[in-house]
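Assemble chain B onto chain A, guided by the hints.
Spelled out, the chains give:
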Amino acid sequence: GQNIDQPTEMTATEGAIVQINCTYQTSGFNGLFWYQQHAGEAPTFLSYNVLDGLEEKGRFSSFLSRSKGYSYLLLKELQMKDSASYLCAPLSGAGSYQLTFGKGTKLSVIP
Amino acid sequence: SAVISQKPSRDICQRGTSLTIQCQVDSQVTMMFWYRQQPGQSLTLIATANQGSEATYESGFVIDKFPISRPNLTFSTLTVSNMSPEDSSIYLCSVDGQGAGTDTQYFGPGTRLTVL
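Those protein sequences? They're chains A and B, same order as listed.
First residue of the first sequence: 1, per our numbering; consecutive thereafter.
First residue of the second sequence: 1001, per our numbering; consecutive thereafter.
I should point out that these hints are in silico values taken from the structure, not numbers from a laboratory.
For clarity, every value in this text was computed on a predicted model and none was experimentally measured.
Note that the Cβ used here is the ideal one computed from N, Cα and C, for glycine as well.
There's no promise every hint is true.
Claimed, not checked - Simulated crosslink set (SDA-like; lysine to any residue; CA at most 20 Å straight-line):
1) A/LYS103 to A/GLY53
2) A/LYS103 to B/SER1005
3) A/LYS81 to B/PRO1109
As the list claims (entries may be wrong) - Partial list, derived from the structure: chain B residues whose beta carbon lies under 8 Å from chain A:
4) LEU1045
5) SER1089
6) LEU1092
7) THR1104
Stated by the list, open to error - Under 8 Å between C-beta atoms, here's a sample of chain A residues computed to sit facing chain B:
8) PHE45
9) GLN98
10) GLY102
11) GLY104
Next comes chain A alone, as it looks inside the complex (with noise of 0.2 Å):
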């Protein structure tokens, strides 16, 4: 089975910097993203990660360290405009896209 782990809030204040940390066990596999959610729209993607490491995406950067089951997303620089939910997704089975999806972190970012 899947099981997700990720905060359910975060507040933070504009210009600093914010790490979203998930925890996940899965059956197999194969990469993991971060989406981003605001109220009343549809996902949209910011990274995948399938190696270990740090990846590095302008404000966003993310982290992946596969023998831990950990993965993180660091927002520099917040904005109010990040104030979103972000949500953690591994992707399981080789060979496979589908995705689980946690419960996602809300972060609010305030002046």
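Same frame as chain A, but now just chain B:
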């Protein structure tokens, strides 16, 4: 990335009726998926829509309740049958990005369904 549209964007339906949701992609894709997102919850995969064969349903979802069509590589429909208020949710289709040269799943804008 693939451009995905869904119809309708929202609907309010009566208990016992059925609604068919359409998902259109601007490029040919191998895999199309249907998800449900209930209020305040994360996304749950309903089924994988396979072109030329029956959909593959996840545990807790059955074809009689959620029949799916996939007539070609750019289009799919999901029907929510014999609806009850518990079916009130956002329904999203997603596609794998293979047709667009990536392995990422991209999501349509969603269909917000309210059942009275």
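Status of each hint after checking the structure:
no. : hint                  : in the structure
1   : A/LYS103 to A/GLY53   : violated, 24 Å
2   : A/LYS103 to B/SER1005 : violated, 25 Å
3   : A/LYS81 to B/PRO1109  : holds, 19 Å
4   : LEU1045               : holds, 7 Å
5   : SER1089               : violated, 13 Å
6   : LEU1092               : holds, 6 Å
7   : THR1104               : holds, 5 Å
8   : PHE45                 : holds, 5 Å
9   : GLN98                 : holds, 7 Å
10  : GLY102                : holds, 6 Å
11  : GLY104                : holds, 5 Å
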